[in-house]
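Chemist: So you can see what is in the structure, the chains are spelled out below.
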Amino acid sequence: MKKISSKFFLIMPLVVALLLTIAFYMIFIFAPEESTQGAVQRIFYFHVSCAFAMYCGFGLAGIYSVLFLLKRQPHFDHYSHAGASVGFLFCSMVLASGPIWAKPIWGTWWTWDPRLTTTLLIWLIFFACLLLRRFFERDPRGPVYAAVLTLFGVLDIPLIALSVKLWRGVHPAVLGKKSNMPLEMKLTLLATNVTVLVLFFAIFWIRVRLLKLEHKSEMLRFEHQEN
Amino acid sequence: MSLFWRPFMLLLKKDLLLLKRRSASVVSVIFFSLLIIIIFQIGIDLGEMSPIPFAAPFIWLGSLFGGMLRMSRTFESETRGHVLEGYRLTKGIVLPLYLSKLVLNVFFMVLLQFLMFVVVVALFNIQSPLFYLKMAWLPFVLGAMGFSAVGTTFSGMVLGDSSKDLLLPVIAYPILSPLLIGVIKSFEYAASGDVLSLNPAWISLLIAFDLIYISVSILVFNILLESQ
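Order-wise, the sequence lines are chains A and B. Numbering follows my numbering, in which position 26 of the first sequence is assigned residue number 26; successive positions increment by one, without gaps. The number in my numbering is simply the position in the second sequence, starting from 1, with 227 added.
Hint data in this document are derived by calculation from the structure and do not stem from the laboratory. Quick caveat, the model's predicted, so the values are computed rather than measured. We put the CB at the ideal spot given by N, CA and C, even for glycine. A portion of the hints provided could be inaccurate.
Restraint-style ranges between C-beta atoms, simulated for each label pair [unchecked claim]:
hint : chain 1 : residue 1 : chain 2 : residue 2 : range
1    : B       : S355      : A       : P74       : 55 to 63 Å
2    : B       : L357      : A       : R138      : 51 to 59 Å
3    : A       : H224      : B       : V253      : 46 to 54 Å
4    : A       : L130      : B       : V254      : 32 to 40 Å
5    : A       : L14       : B       : S390      : 41 to 49 Å
6    : A       : P74       : B       : G387      : 16 to 24 Å
7    : B       : E453      : A       : R221      : 19 to 27 Å
Please build the complete structure, drawing on both the sequences and the hints.
Modeler: Encoded structure:
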């Protein structure tokens, strides 16, 4: 098992690098330039893919926090922690790439558009989750509290999304509408989505490994102190 | 059923008695909320605009800041004299304990909102306060329920932490954001600025928020009590 893990550790960066090269080629060369927005529209592929990865991270965090609350096994907490922190990283990328796209199109870095506000609120929720973990570091109650807060946060996402729907905005809808994108754009979006998801799972896997090692060293330190 | 009602009523009576005895802390919370409204009133120059659309946000904001102080003290009486250990050893205490705290917090929040309403009516010179109250009670009561559901649960979480006054608002306000927006957006105003009606979609969102968080809080509260 250890051998497979270390081999995967060696191969994974190569796979991610290869997929990123293909994605960059498709974004900058293969995909046609959008007629009204120009070159800046190419950020869309990265922006949307990061949003998918963000929801993937928060979804995993929610599932594993429930499993942790039910089973109380530390590895479920590691998965939940990793999902929240990697989801938070991709949420930050969405919040960073959004204004870069918005400035030339809307003429402003930020508007209180509902979808932007939603992403910011989700970012704040998971920032609070990670902060709570820091507050209760090395406290056995920490993982339980973090799991409860993560569960509350994940349950909040549909409510925030619903409030967005009620509070209509100017943000372009990517999902749920019949798209009239050319095939090259659709393929580029698909390739970028796959790449970012692979990148997400690679970081997620590394984070889980790190958390497991931290837990193991903590246990050893505790045993040493006991003896 | 008496297994629930008897401990529930006893706990509620005990907390009401403690609230009465510690009236100084209750007055402090009310005074703090009042200060928030006065500071906002000074900070925002309404000019020629109708003050009525600002009344609900001011009442809600004042109550939220004051209410958070109250939430952080929800389990104050349980921190001394091994009371929590006693609760842990008592069978079937979790639901009555959580619901008694929740009911008390909802009662406190509704009372606080009513007092802030009286202050705002005077400060904003609202001409028809009874009509405003008739419109505003539903979103405010639903808001108080959702706020208290999350606040009571999180208060149980930060119970043993020395920096709970700092931690509680940091973790609670982001979760409460749909509720914070929902209460304000429930009001629909006419062009003159008067309250016209309540938006049923936002009221539904508030009801959904309350139902979800009260149910989940009841489910996780046992785990929180055990981990203390």
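Chemist: Does each hint hold? Answer for all of them.
Modeler: Hint check results:
1. S355(B) x P74(A): 55 to 63 Å: Holds, at about 60 Å.
2. L357(B) x R138(A): 51 to 59 Å: Because 56 Å falls inside the window, the suggested range holds.
3. H224(A) x V253(B): 46 to 54 Å: Holds: the Cβ-Cβ distance is about 50 Å, inside 46 to 54 Å.
4. L130(A) x V254(B): 32 to 40 Å: Once the Cβ atoms are compared, 37 Å apart, the range 32 to 40 Å for V254(B) and L130(A) holds.
5. L14(A) x S390(B): 41 to 49 Å: At 45 Å between Cβs, range holds.
6. P74(A) x G387(B): 16 to 24 Å: 21 Å, holds
7. E453(B) x R221(A): 19 to 27 Å: 26 Å, holds
Hint compliance for this structure: every hint is met.
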